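A.B. asks: My request is simple: use the sequences and hints to build the entire structure.
Chains as they are written, first to last, in our numbering: chain A, 1 to 551; chain B, 1 to 551.
Hints are not guaranteed to be accurate.
List time: in silico EDC-like cross-link candidates among lysine to aspartate or glutamate, alpha-carbon distance up to 20 Å [as the list claims (entries may be wrong)]:
#1 B:358 x B:308
#2 B:219 x B:30
#3 B:202 x A:460
#4 B:296 x B:308
#5 B:182 x A:365
#6 A:358 x A:347
#7 B:180 x B:152
#8 B:202 x A:456
#9 A:202 x B:152
#10 B:202 x A:457
#11 A:202 x B:19
#12 B:358 x B:295
#13 A:202 x B:457
#14 A:182 x B:460
#15 B:182 x B:115
#16 B:94 x A:210
#17 A:182 x A:211
#18 B:202 x A:549
#19 A:182 x B:19
#20 B:180 x A:456
#21 A:44 x A:80
#22 B:202 x B:152
#23 A:182 x B:30
#24 A:17 x A:30
#25 B:180 x A:438
#26 A:182 x B:440
#27 A:219 x A:19
#28 B:79 x B:66
#29 B:17 x B:30
#30 B:122 x B:30
Hints listed in this document are in silico derivations from the structure and should not be mistaken for laboratory results.
A quick note: this is a predicted structure, and the numbers were derived from the prediction, not measured.
Number of protein chains: 2
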Amino acid sequence: MTRIDFQTDPSRYRHWKIETNGDVAYLIMDVDPAGGLSDGYELKLNSYDLGVDIELNDAVQRLRFEHPEVRAVVIKSGKDNVFCAGANIRMLGKATHGHKVNFCKFTNETRLAIEDASENSKQVYICAINGNAAGGGYELALAADHIMLVDDRRSAVALPETPLLAVLPGTGGLTRVTDKRKVRRDRADVFCSIEEGIRGAKAVEWRLVDEVVPNSKWKEAVAARAHEIAARSDRPAGAKGVALTPLARRIEADRVSYSHVDVEIDRARGLATIIVRGPAQDVPASVEAAHALGDKFWPLTVARELEDAILHLRANEAAIGVVLLRTDGNAEAVLAHDDFLSRANGDWLMREVRHYLKRVLKRVDVTPKSFIALIEPGSCFAGTLAELAFAADRSLMLIGTRDGDNRAPAAITLGQANFGWYPMGNGITRLQTRFLGEPEQVDSLEEKIGAPVEAEEAAEFGLVTFAYEDFDWDDELRVMLEERASFSPDAMTGMEANLRFAGPETMETKIFGRLTAWQNWIFQRPNAIGEQGALKLYGSGVSPTFGRERV
Amino acid sequence: MTRIDFQTDPSRYRHWKIETNGDVAYLIMDVDPAGGLSDGYELKLNSYDLGVDIELNDAVQRLRFEHPEVRAVVIKSGKDNVFCAGANIRMLGKATHGHKVNFCKFTNETRLAIEDASENSKQVYICAINGNAAGGGYELALAADHIMLVDDRRSAVALPETPLLAVLPGTGGLTRVTDKRKVRRDRADVFCSIEEGIRGAKAVEWRLVDEVVPNSKWKEAVAARAHEIAARSDRPAGAKGVALTPLARRIEADRVSYSHVDVEIDRARGLATIIVRGPAQDVPASVEAAHALGDKFWPLTVARELEDAILHLRANEAAIGVVLLRTDGNAEAVLAHDDFLSRANGDWLMREVRHYLKRVLKRVDVTPKSFIALIEPGSCFAGTLAELAFAADRSLMLIGTRDGDNRAPAAITLGQANFGWYPMGNGITRLQTRFLGEPEQVDSLEEKIGAPVEAEEAAEFGLVTFAYEDFDWDDELRVMLEERASFSPDAMTGMEANLRFAGPETMETKIFGRLTAWQNWIFQRPNAIGEQGALKLYGSGVSPTFGRERV
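C.D. replies: Printed below as a string of structure tokens:
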């Protein structure tokens with residue numbers, strides 16, 4: 001299979017255009033029907049596949065970093081009378097189960113990134129629907145803060161997945177309808193059963209869109225709304241964006257290398273190792289100096305590289321079940337960068353960097369691989385990088401030093417970053433989730449900020465799963481990895497999806513937990529994917545035949 | 001297939017014994033290996049199938065109603081050195097997908113009923129584990145308020161589903177470990193990967209049990225703990241229980257009839273109609289009179305009959321996709337019974353009745369059928385019975401009267417029961433869930449308590465989905481039912497599981513949403529159920545072969 005690459009830039013977009021006009025950007029969807037990621041389907045009517053969403057994800061990201069002046073983003077269609085027909089059905093019909101699940105996960109993350117931009121970057125998204133927004137098309141709109149629908153007696157919003165395809169509006173659709181738009185459940189039931197959707201005033205009354213606008217006033221109304229929303233943003237005036245330049249990445253057979261991240265792949269053992277290197281550079285002398293570094297500012301570099309590594313493993317290395325997380329470098333330098341981020345917190349770019357790191361860590365949380373953090377001498381699990389240990393399913397820490405290694409014993413150093421910067425999807429921090437049963441432990445750990453905690457103490461504090469002496473380390477790790485490799489990959493995925501998210505639930509955890517799990521279930525049912533199933537037969541002119549058993 | 005019957009009584013139990021000793025009851029699990037619901041498996045080592053759980057459910061229910069004097073219930077094993085080996089694996093290996101899902105749903109409901117008894121009836125459950133509590137065995141223990149484990153260097157608690165069977169501890173296990181016991185997630189990961197489980201002091205340290213007790217002091221320690229916990233209960237002294245007598249039930253080919261509930265089955269259309277009849281009796285003159293009625297007290301009768309009807313449809317009528325909900329009777333009589341329940345709220349039996357109605361309504365919420373309430377002249381959707389309309393996926397209400405029918409137009413009458421008596425699994429009422437986007441609407445509806453609301457007003461208030469005139473009614477209903485019948489049953493199940501539970505999430509909704517959905521997904525994966533899958537090969541001596549793809 002061709003490697004899926006999550007890196008792109010506007011010069012290579014085939015499906016989207018970014019047009020900026022002062023503080024408003026227009027993000028224009030104009031999908032090239034011939035531009036599918038694979039052969040065998042045409043992306044008609046602005047339907048999309050993963051490739052289209054990779055561009056969207058890139059655009060959302062660049063708007064935040066490269067366009068500080070943009071305070072409102074209008075998503076609209078570049079085609080007349082067509083907004084977006086959603087995920088391409090022939091693509092879904094041909095895709096493997098794994099690809100469907102991966103596709104939905106990534107598109108969900110992109111929609112959440114849009115919401116994160118509106119909420120936390122005050123780069124607020126508006127969706128201007130001129131034409132039909134069906135299925136994933138309406139789910140894209142649902143990610144916006146404000147939904148406008150043209151009132152032309154034709155354009156409608158719809159979630160026709162269930163009646164048409166026997167699957168769910170699984171890119172957050174069902175959850176956002178009830179929990180974000182707060183549509184009454186019986187109306188939601190009706191809405192999700194109507195192929196043609198709902199239009200005009202009724203769409204407003206049912207809370208499906210925020211306003212409808214006559215065709216004659218459409219363009220001005222959208223522009224006016226965008227300017228009004230932009231005026232409420234706190235984004236800076238006169239700031240200069242930071243270009244996200246191509247990653248320094250080298251892909252080899254068993255290795256992907258970046259400037260500060262390496263991924264080593266051992267396919268025979270189903271094992272990958274991600275090594276994140278701490279900063280080689282000093283902390284910038286000033287906020288201006290950090291801006292001048294641009295995407296070479298260490299926290300931003302690491303966020304980009306780690307994100308690409310995680311996405312690569314998900315999409316291109318499905319048979320890798322376990323990922324070892326290592327760090328390498330100077331803990332104090334990591335903490336110094338955290339301190340810098342903290343001091344410069346009022347700066348728009350530093351805010352973006354922190355929210356980006358948050359999103360990358362969330363990608364780890366929903367990645368279907370077992371993560372095991374290895375905390376050894378020479379590592380730098382401190383502050384932001386300590387979150388990697390807390391994101392892991394297990395962590396192993398070496399007690400003392402190794403023969404012939406004169407580096408200091410391994411330590412975890414907590415920083416303020418561990419106490420609120422990086423909430424998980426459940427809305428609380430990894431430490432709060434970890435210590436759900438002993439919340440006072442989080443308070444007492446906060447008093448240890450800045451103090452290196454060595455292995456035995458870290459085990460006692462509950463910061464690591466196991467602390468081993470050097471003479472046990474290799475055996476313990478080997479046995480653990482062999483054991484993990486012997487388990488069913490599906491059971492691991494299900495187990496991790498449940499154990500990682502203790503405590504409160506949010507719309508986000510509902511989407512990745514409840515909705516996604518049901519969709520994945522349906523994606524395996526004969527009624528959807530069997531020879532007589534709706535996904536398989538869509539477009540063939542033959543009606544699906546359903547087994548009638550209700551489960 | 002043999003009809004599965006959810007009715008039983010202690011004289012027929014093959015697997016459980018109830019022994020009472022003052023304010024403590026012992027619920028003793030002693031599974032008859034030959035007493036499986038189907039052939040082809042032996043229930044060794046206190047492993048269980050649906051039949052064992054039907055008895056447990058019955059016992060939990062009877063303890064609440066028939067034993068007001070019991071303030072603490074100790075679940076223990078009747079076998080030496082064996083607590084419970086969990087769900088029977090050969091049974092699971094042979095079961096259809098639908099049966100597995102139904103089995104897990106019912107056992108989940110039983111565990112939640114145990115928790116409901118501890119919390120709301122102050123009949124507090126203790127689990128006394130003498131031997132291994134593995135898989136569903138430990139999940140049963142997790143439902144208790146207090147878990148005791150004998151410290152004999154042998155007895156352990158374990159969730160070996162993942163390493164042994166390639167499925168999840170899906171009867172609430174993963175969720176209760178993280179969210180009820182609040183076990184640290186990395187320890188939970190370790191615990192769920194260890195076949196042999198965890199015993200002794202470590203089980204306490206890891207929060208898996210509340211105490212361990214040496215073998216020599218076991219019996220006295222359990223009794224002492226039970227008496228101590230019983231002493232804290234507010235259950236009445238000297239009260240007399242109410243016997244749950246056999247249901248007045250007649251099962252025919254296309255109909256199940258009870259005293260106040262009828263179920264009509266139209267298999268050709270995949271349709272069932274449940275008719276609930278309002279009280280024919282006057283409100284009892286006093287609390288004593290209500291006690292004297294026993295299980296003939298209308299609210300209790302209706303709860304029992306409706307529950308049995310729902311369970312019957314789930315287990316024995318899988319091909320029924322849509323259930324019409326009708327009521328028949330006098331709304332004022334329903335409300336008078338609600339008022340009686342409210343006035344007598346301090347009485348233990350009235351409290352039980354209300355909590356039981358709550359649990360029955362929750363069974364509707366998690367039943368994989370589309371529910372459509374039909375509100376017509378002669379119906380009595382008032383107070384408690386109005387909840388049926390709010391539990392439905394859709395409701396249709398007739399405007400005005402029908403030709404030749406001189407009954408008053410249909411009305412919904414709200415009662416105090418609709419404003420807090422019957423929270424859903426998400427912890428809020430059906431009206432709060434319904435009006436998540438307009439919470440003020442709930443307040444303004446509370447002012448309408450007692451006033452009959454006719455169709456057009458009900459539609460305006462958002463209480464019903466559609467209001468139709470008589471001349472449209474039949475066509476609209478017919479089209480709706482034909483449409484519903486044309487959809488994929490799986491997509492309906494997934495859609496309803498998502499749309500019914502807007503708003504907050506609780507441990508309960510997490511269990512039915514996240515955990516169950518992932519388990520159902522895994523229950524379809526070749527790694528579990530394929531010819532080389534772990535569930536299929538368990539006990540054969542052959543190791544399963546897993547596809548390595550991580551999804």
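A.B. asks: Each hint needs a verdict: does it hold in this structure or not?
C.D. replies: Comparing the hints with the structure gives:
Restraint check for residue 358 of chain B and residue 308 of chain B: satisfied, since their Cα atoms lie roughly 14 Å apart, inside the 20 Å limit. A C-alpha spacing of about 18 Å is found between residue 219 of chain B and residue 30 of chain B, which places the hinted pair at or below 20 Å, so the restraint holds. In summary, the hint linking residue 202 of chain B to residue 460 of chain A is supported, as the alpha carbons are separated by about 14 Å, within the 20 Å threshold. Note on residue 296 of chain B and residue 308 of chain B: the hinted pairing holds, with a Cα-Cα distance of about 16 Å set against a maximum of 20 Å.
Distance restraint check for residue 182 of chain B and residue 365 of chain A: the Cα-Cα separation of roughly 19 Å lies within the 20 Å cut-off, and the hinted pair is therefore satisfied. Our distance criterion of 20 Å between C-alpha atoms is met by residue 358 of chain A and residue 347 of chain A, whose separation comes to about 17 Å. Restraint check: the Cα-Cα separation between residue 180 of chain B and residue 152 of chain B comes to about 26 Å, which exceeds 20 Å; the hinted pair is violated. Our distance criterion of 20 Å between C-alpha atoms is met by residue 202 of chain B and residue 456 of chain A, whose separation comes to about 17 Å.
For the hint linking residue 202 of chain A to residue 152 of chain B, the alpha-carbon distance of about 68 Å lies beyond 20 Å, and the restraint is violated. Simply put, residue 202 of chain B and residue 457 of chain A have alpha-carbon atoms about 18 Å apart, close enough for the 20 Å limit, and the pair holds. For the proposed pair residue 202 of chain A and residue 19 of chain B, the alpha carbon gap of about 61 Å is over 20 Å, so the pair is violated. A distance of roughly 17 Å separates the Cα atoms of residue 358 of chain B and residue 295 of chain B; the hinted pair therefore holds under the 20 Å criterion.
In summary, the hint linking residue 202 of chain A to residue 457 of chain B is supported, as the alpha carbons are separated by about 18 Å, within the 20 Å threshold. A hinted pair counts as satisfied when its Cα atoms are at most 20 Å apart, and residue 182 of chain A with residue 460 of chain B qualifies at roughly 17 Å. With a CA separation close to 16 Å, the supplied pair residue 182 of chain B and residue 115 of chain B stays within the 20 Å bound. Between residue 94 of chain B and residue 210 of chain A, the direct Cα distance comes to roughly 51 Å. Violation of the 20 Å bound is thereby established for this hinted pair.
Proximity of residue 182 of chain A to residue 211 of chain A is assessed by CA-CA distance (about 16 Å); at most 20 Å being required, the pair is judged to hold. For the suggested pair residue 202 of chain B and residue 549 of chain A, the alpha carbons sit about 45 Å apart, so the restraint of at most 20 Å is broken. Using a Cα cut-off of 20 Å, the hinted pair residue 182 of chain A and residue 19 of chain B is violated, with the two alpha carbons roughly 49 Å apart. Between residue 180 of chain B and residue 456 of chain A the CA atoms are separated by roughly 28 Å; this puts the pair beyond 20 Å, and the hint is violated.
Taking the CA atoms of residue 44 of chain A and residue 80 of chain A, the gap is near 13 Å; set against the 20 Å cutoff, the hint holds. Annotation: proposed proximity of residue 202 of chain B to residue 152 of chain B holds, straight-line Cα distance about 13 Å (limit 20 Å). Our distance criterion of 20 Å between C-alpha atoms is broken by residue 182 of chain A and residue 30 of chain B, whose separation comes to about 49 Å. The straight-line distance between the Cα atoms of residue 17 of chain A and residue 30 of chain A is roughly 8 Å, inside the 20 Å bound, and the hint therefore holds.
Proximity of residue 180 of chain B to residue 438 of chain A is assessed by CA-CA distance (about 12 Å); at most 20 Å being required, the pair is judged to hold. Note on residue 182 of chain A and residue 440 of chain B: the hinted pairing holds, with a Cα-Cα distance of about 14 Å set against a maximum of 20 Å. Between residue 219 of chain A and residue 19 of chain A, the direct Cα distance comes to roughly 15 Å. Compliance with the 20 Å bound is thereby established for this hinted pair. About 26 Å separates the Cα atoms of residue 79 of chain B and residue 66 of chain B, which puts this hinted pair outside 20 Å; it is violated.
For the proposed pair residue 17 of chain B and residue 30 of chain B, the alpha carbon gap of about 8 Å is at most 20 Å, so the pair holds. Proposed proximity of residue 122 of chain B and residue 30 of chain B is contradicted: the alpha carbons are some 26 Å apart, above 20 Å.
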